[in-house]
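Asker: Sequence:
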Amino acid sequence: QKDIGGWPEEPARYQRESARGARDAAQAQLDLAMAGASQSEIAAARAMVAGAQAQVKTAEAGVAAAEAGVAAAQAGPGTTQDQVALADVGITAASAQVEVAAGQLAQAEAQLARLKAGATPEEIAALEAQVAQAEGALAAADAALQTVDIQIAQTTLTAPVSGVVVERVLQVGELAAPGVPLFTLANLDDVTLTVYVPEAELGQVFLGQQVDVTVDAFSDVFVGEVSHIASQAEFTPKNVQTQEERVHMVFAVKVRLDNPEQLLKPGMPADAVFGE
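Under the numbering used here, think of the first position of the sequence shown as 6, with each following residue one higher.
In case anyone wonders, no lab produced these hints; they're calculated from the structure. Treat the hints with care, since some could be wrong.
Said to hold, decoys possible - Taking CB as the label site, the calculated pair distances span:
1) R261 <-> Q156: 39 to 45 Å
2) A145 <-> G108: 21 to 27 Å
3) E133 <-> A107: 23 to 29 Å
4) A98 <-> D36: 44 to 50 Å
5) G272 <-> V177: 40 to 46 Å
6) A52 <-> A107: 16 to 22 Å
7) E140 <-> V171: 51 to 57 Å
8) D217 <-> M254: 22 to 28 Å
9) P274 <-> E230: 39 to 45 Å
10) I129 <-> A48: 21 to 27 Å
11) A98 <-> A131: 40 to 46 Å
Stated by the list, open to error - Result set (DMTMM-like, lysine to aspartate or glutamate): computed pairs, CA atoms no more than 25 Å apart in a straight line:
12) K62 <-> E15
13) K62 <-> E22
14) K259 <-> E206
15) K62 <-> D36
16) K259 <-> E172
17) K62 <-> E104
18) K62 <-> D93
19) K259 <-> D194
20) K259 <-> D221
21) K259 <-> D195
22) K259 <-> E204
23) K270 <-> D225
24) K270 <-> E204
25) K270 <-> D217
26) K259 <-> D276
27) K62 <-> E72
28) K270 <-> E114
29) K259 <-> E281
30) K259 <-> E239
31) K270 <-> D221
32) K62 <-> D29
33) K62 <-> E114
34) K270 <-> D154
Just so you know, even glycine gets a beta-carbon here, dropped at the ideal spot from N, CA and C.
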C-alpha cells in the first residue's frame with residue numbers, strides 16, 4: 006500500500022482540534038454560569054469589599070487631617086495666604102482619594118452581589134449561543150477532515166496480493182484511466198515455469214510429477230512439480246529458441262517451484278528434466 010501525499014490532512018486535523026478546544030472552553034464557561042459562583046470566589050469578593058472599605062476610611066481620615074491643617078493655618082498669627090492656599094490643595098487631593106476609594110468599594114460590592122445572585126438569564130443565553138456556534142464550527146471542521154480523508158483514500162493504491170513490482174506501466178504525471186494497470190506485481194516466493202512438451206512425449210508427464218529445473222545464472226538445481234497440463238495442443242510459441250521447434254504442435258505444462266530466496270526471476274529461460 007502506497008500513500009500518495011499532497012492533501013492538506015494535517016491542517017484539517019489542526020482546525021478540527023482548534024474548534025474542539027473552542028467548543029470545550031465555551032461549554033466550561035456555560036457550566037460555570039449555570040452552577041453559580043463557588044464559596045471561594047464569594048470569599049475573595051468579600052475580602053475585596055473589606056479592603057475597599059478600609060481604603061475609604063483611610064482616605065476620609067486624610068480629608069479630616071487636611072481640614073484640620075487648614076484650620077490650624079488660618080488660626081496661626083504668622084500664617085500667610087499662600088500657606089492657607091497650600092493647605093486647601095491638600096484638602097482637594099484628599100477628597101479626590103476618597104472618591105476613588107468609594108468608586109472601588111462600589112465596584113467590589115457590585116461584584117460580590119453578582120456572585121451571590123449568579124448569572125443572569127441574558128448572560129446564560131449568550132453563553133449558550135456561543136456554545137452552539139462553537140459546535141457548528143466543530144461540525145464543519147469534522148466534515149472538512151472527512152472530505153480530506155476520502156480524497157487521500159482515493160489516491161492510495163492497494164495491491165490485492167503481496168509481491169515485488171516487476172514493471173511500472175505508468176510514470177508520474179501520466180493519466181491513469183479506469184481499467185488500465187499501473188504496476189505489474191509478481192509473487193517470487195512461488196513461481197511457475199511453463200514447459201512446452203511435444204505430443205509424442207505428453208504421455209510421460211503427469212500431475213504432481215517431480216521436475217528438476219536449472220537456469221544459466223545459477224548452478225543449483227531447483228525442484229518443482231507439475232501443476233497443470235494443457236488439454237489442447239498449440240504451435241510452439243515464438244519465444245522458443247529455434248525456428249524448427251516453433252512449427253511443432255506442443256502442450257503447455259506448468260511446473261510450480263518454491264523460490265524462498267527469490268533467485269528465480271520472471272523471464273529467465275530454464276531447462277526442465279521430468280522425473281520418472
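Asker: Each hint should be assessed against the structure and marked as holding or not.
Answerer: Status of the hints after comparison with the structure:
1. R261 <-> Q156: 39 to 45 Å: 42 Å Cβ-Cβ, so the 39 to 45 Å window holds.
2. A145 <-> G108: 21 to 27 Å: Distance hint for A145, G108 is violated at roughly 45 Å.
3. E133 <-> A107: 23 to 29 Å: 37 Å, violated
4. A98 <-> D36: 44 to 50 Å: 47 Å, holds
5. G272 <-> V177: 40 to 46 Å: Since the Cβ atoms of G272 and V177 sit about 25 Å apart, the hinted range of 40 to 46 Å is violated.
6. A52 <-> A107: 16 to 22 Å: With a Cβ separation near 18 Å, A52 and A107 satisfy 16 to 22 Å, so the hint holds.
7. E140 <-> V171: 51 to 57 Å: 53 Å, holds
8. D217 <-> M254: 22 to 28 Å: Hint holds: Cβ distance 25 Å, inside 22 to 28 Å.
9. P274 <-> E230: 39 to 45 Å: Once the Cβ atoms are compared, 20 Å apart, the range 39 to 45 Å for E230 and P274 is violated.
10. I129 <-> A48: 21 to 27 Å: 24 Å, holds
11. A98 <-> A131: 40 to 46 Å: Holds, at about 42 Å.
12. K62 <-> E15: 60 Å, violated
13. K62 <-> E22: Judged against 25 Å, a Cα distance of about 52 Å means the pair is violated.
14. K259 <-> E206: 15 Å, holds
15. K62 <-> D36: 39 Å, violated
16. K259 <-> E172: Given pair K259, E172 holds - Cα atoms ~23 Å apart, limit 25 Å.
17. K62 <-> E104: 11 Å, holds
18. K62 <-> D93: 20 Å, holds
19. K259 <-> D194: 16 Å, holds
20. K259 <-> D221: Holds: K259 and D221 sit about 20 Å apart, inside 25 Å.
21. K259 <-> D195: OK: K259 and D195 at ~12 Å, within 25 Å.
22. K259 <-> E204: With Cα atoms ~15 Å apart, K259 and E204 stay inside 25 Å; holds.
23. K270 <-> D225: 14 Å, holds
24. K270 <-> E204: 28 Å, violated
25. K270 <-> D217: 17 Å, holds
26. K259 <-> D276: 13 Å, holds
27. K62 <-> E72: 15 Å, holds
28. K270 <-> E114: Not OK: K270 and E114 at ~89 Å, beyond 25 Å, violated.
29. K259 <-> E281: 17 Å, holds
30. K259 <-> E239: With a Cα-Cα distance of about 14 Å, the restraint between K259 and E239 holds, given a limit of 25 Å.
31. K270 <-> D221: 12 Å, holds
32. K62 <-> D29: Violated - the C-alpha atoms of D29 and K62 are around 45 Å apart, more than 25 Å.
33. K62 <-> E114: 16 Å, holds
34. K270 <-> D154: Status violated; Cα separation ~38 Å.
When held up to the earlier numbered hints, the structure conflicts with 2, 3, 5, 9, 12, 13, 15, 24, 28, 32, 34 and fits the remainder.
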